[in-house]
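*Asks:* Build out the structure end to end from the sequences listed, making use of the hints.
Quick mapping for you: the protein sequence lines, in order, are chains A and B. Positions 1 to 146 (the numbering used here) are the ones given, in order, by the first sequence. Positions 1 to 433 (the numbering used here) are the ones given, in order, by the second sequence.
In short, the hints are calculated from the structure, not lab data. For glycine and all other residues, C-beta sits at the position ideal for the given N, C-alpha and C. Misleading hints may appear alongside valid ones.
Distance condition first, Cα-Cα at most 16 Å in a straight line; then the derived EDC-like pairs of lysine to aspartate or glutamate [what the hints assert, rightly or not]:
no., chain 1, residue 1, chain 2, residue 2
1, B, Lys-408, A, Glu-13
2, B, Lys-408, A, Asp-38
3, B, Lys-423, B, Glu-369
4, B, Lys-408, A, Glu-41
5, B, Lys-64, B, Asp-74
6, B, Lys-361, B, Asp-427
Stretches of chain A that chain B covers, calculated by requiring three or more beta carbons in the stretch to come under 8 Å of a beta carbon on chain B [claimed, not checked]:
no., region
7, 8 to 21
8, 56 to 63
Derived Cβ-Cβ restraints for the label pairs, each shown as a range [what the hints assert, rightly or not]:
no., chain 1, residue 1, chain 2, residue 2, range
9, B, Thr-123, A, Gly-25, 49 to 59 Å
10, A, Gly-25, B, Met-194, 22 to 32 Å
11, B, Glu-215, A, Gly-131, 25 to 35 Å
12, B, Arg-199, A, Gly-28, 25 to 35 Å
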Amino acid sequence: MLIEQLSVFLQNEKGRLAGMCRILGDAGLDMHALVVADTAEYGVARVICDRPHSARRVLESAGLAVSITRVVAIEIPDRAGGLAEVLECMGTCDINVEYLYCFPRRDGVSAVDIVRVADPDRAAGCLTAGGFTLVHASEIYQPDPA
Amino acid sequence: MFQPELETMSREALESLQLARLRTQLARVYVNVPLYRRKFDEAGFRPEQLQTLSDLSRVPFTVKDDLREAYPFDMFAVPMRDIVRVHSSSGTTGQVSVVGYTRGDVERWSELMARTLACAGVTADDVVQVAYGYGLFTGGLGAHYGSERLGAMTIPVSGGNTARQAQILKDFGVTVLACTPSYALLIAETAASMGIDVRSLPLRVGVFGAEPWSEGMRDQIEEVMGIRAIDIYGLSEVMGPGVASECVHRNGLHVFEDHFIIEVIDPETMEPVRDGEQGEVVFTTLTKEGIPVIRYRTRDISRIVPGECACGRTFRRMERVTGRTDDMLIIRGVNVYPSQIEQVLMGIPGVAPHYQVVLDKRGSMDTVEVQVEVSPDLEFDEIRELEALQRKVAGAIAATLAVSVDVKLVEPRTIQRSEGKAKRVVDLRTKGA
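*Replies:* This is the structure in structure tokens:
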């Protein structure tokens, strides 16, 4: 039900992001989404990619600090107010969103929203009860065992 | 114990041995080393005036600059044909000084290093990997001769080629690793990246020295390597490693007092402090022939640990040296030793024990940036978690050292590793000044 997202600590220096992407590329691991949150000195790259546990191992063996975070993926209806309804639903359950980002699905007609909250299991329950469609990991990437 | 008859002798017998050796030593240097003759004459001191050990306080000090000015051989006390080996100081601070050893010096040094290893619990059954640098640095050859003298199987790897170090550690069934503590961590890290689990190897003891290291770093090394880490002490000007060593009780380092007299002085007044009080450590060599030193000011800060040790050795113990006055940073008027910063970092989960202190100036204000690696097993995702970690490190340093510092988190394995003595401080303040 939940999605495994990689968080990679990168110094805010030229070539660091490229280096990370090259490592994943050379290992044959396809990325489906990438967002970077940054400060002046460093950033955290959040990545949804195939075989996240293998990805973690190859990145760590290259010396990078990597965490896996469980996040919720929701299918967002492609119409005005679609995302607002999702957020309002979580609001009624008193769930605070830490951050979110969006990427298109492969069908090209709907979008997936990745939502990071403190308690993803509770958020998933809340959204399912509210009638929203959660997206399973296997619909986005190739999951692998830890 | 390697030489129990000497290591457990009564204080009375020890002091009379020290007095006899000291008198001979002073007479020899007065005759053979112009520098000492001049110093003694200027101070109005004649070697025969020394009647008791406490008279030593009337003898002038020797300082690092004396050895530097004597470069290369001017303080040797024997004809050059009697010197069989030279080493030099590692040049941690400024110009190097050269030290010479007679055949007898090499013999005694080997015995003292064998004592040191035995003190750490090493026996002839052990396999000792010597990863201190071989060469002009005293660490490699000092440990090597001691290990052979003890009868242990000795592997002279020297420093460097860390992947090979890790491979040998595993393949040769090494039980004792001798190197600097920072290099031990690098070997452990490298082994782990090669898929070698150091904890599961026969390795059981680490004999570490040549740089100040904190208790926190000791815990860390013991944890990742699954060993007992022993601190040893020495400096090339006095002999090299083998001047003092911890025993298995690890409550201070036994000074091998039959060969060295230790004094602790107040570096301001130059007067000896009482046992137990902190001050600068001063050594006088009693048996060295090549280049004896008289009241040599080490600039190392320590104290005598009062009381007796459960191991039975009667030699007094000096507390672990946490800093050398040369390493001391004066930051906005506050005295700080890098090892204090290390100690703080060790207590904080999420950061690795690898750090570097960068000093600079912004206007007339000193700035201090502590670069610290995030630990590979840090669980993080949000920027604010990392910012909280940064604040936590800065807060802990400020609370302990009373100076505010900027903390910069950097990626694992980006701070340069050392194969010998770690370089913890980069001072940009004097650049262009």
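*Asks:* Could you run down the list of hints and mark each one as holding or not?
*Replies:* The hints, checked one at a time:
1. Only pairs whose Cα atoms come within 16 Å are accepted, and Lys-408 of chain B paired with Glu-13 of chain A is accepted, the gap being roughly 13 Å.
2. The hinted pair formed by Lys-408 of chain B and Asp-38 of chain A meets the criterion: a straight-line CA distance of about 14 Å does not exceed 16 Å.
3. Between Lys-423 of chain B and Glu-369 of chain B, the direct Cα distance comes to roughly 15 Å. Compliance with the 16 Å bound is thereby established for this hinted pair.
4. Between the alpha carbons of Lys-408 of chain B and Glu-41 of chain A the distance comes to roughly 7 Å, so the proposed pair stays at or under 16 Å and holds.
5. In summary, the hint linking Lys-64 of chain B to Asp-74 of chain B is supported, as the alpha carbons are separated by about 14 Å, within the 16 Å threshold.
6. At roughly 10 Å between alpha-carbon atoms, Lys-361 of chain B and Asp-427 of chain B fall within 16 Å of each other, so this suggested pair holds.
7. Chain B is given as covering the region 8 to 21 of chain A, and this holds because 4 residues of the stretch bring a CB closer than 8 Å to a CB of that chain, at least three being needed.
8. Counting residues of the region 56 to 63 of chain A whose CB falls under 8 Å from any CB of chain B gives 3; the rule of at least 3 is met.
9. In this structure the hint that Thr-123 of chain B and Gly-25 of chain A lie 49 to 59 Å apart at CB holds, the actual value being about 53 Å.
10. A hinted range of 22 to 32 Å holds for the C-beta pair Gly-25 of chain A and Met-194 of chain B, which are about 24 Å apart.
11. The beta-carbon spacing between Glu-215 of chain B and Gly-131 of chain A, approximately 58 Å, falls outside the hinted interval of 25 to 35 Å.
12. Remark: the range hint 25 to 35 Å for Arg-199 of chain B to Gly-28 of chain A is upheld by a beta-carbon distance near 33 Å.
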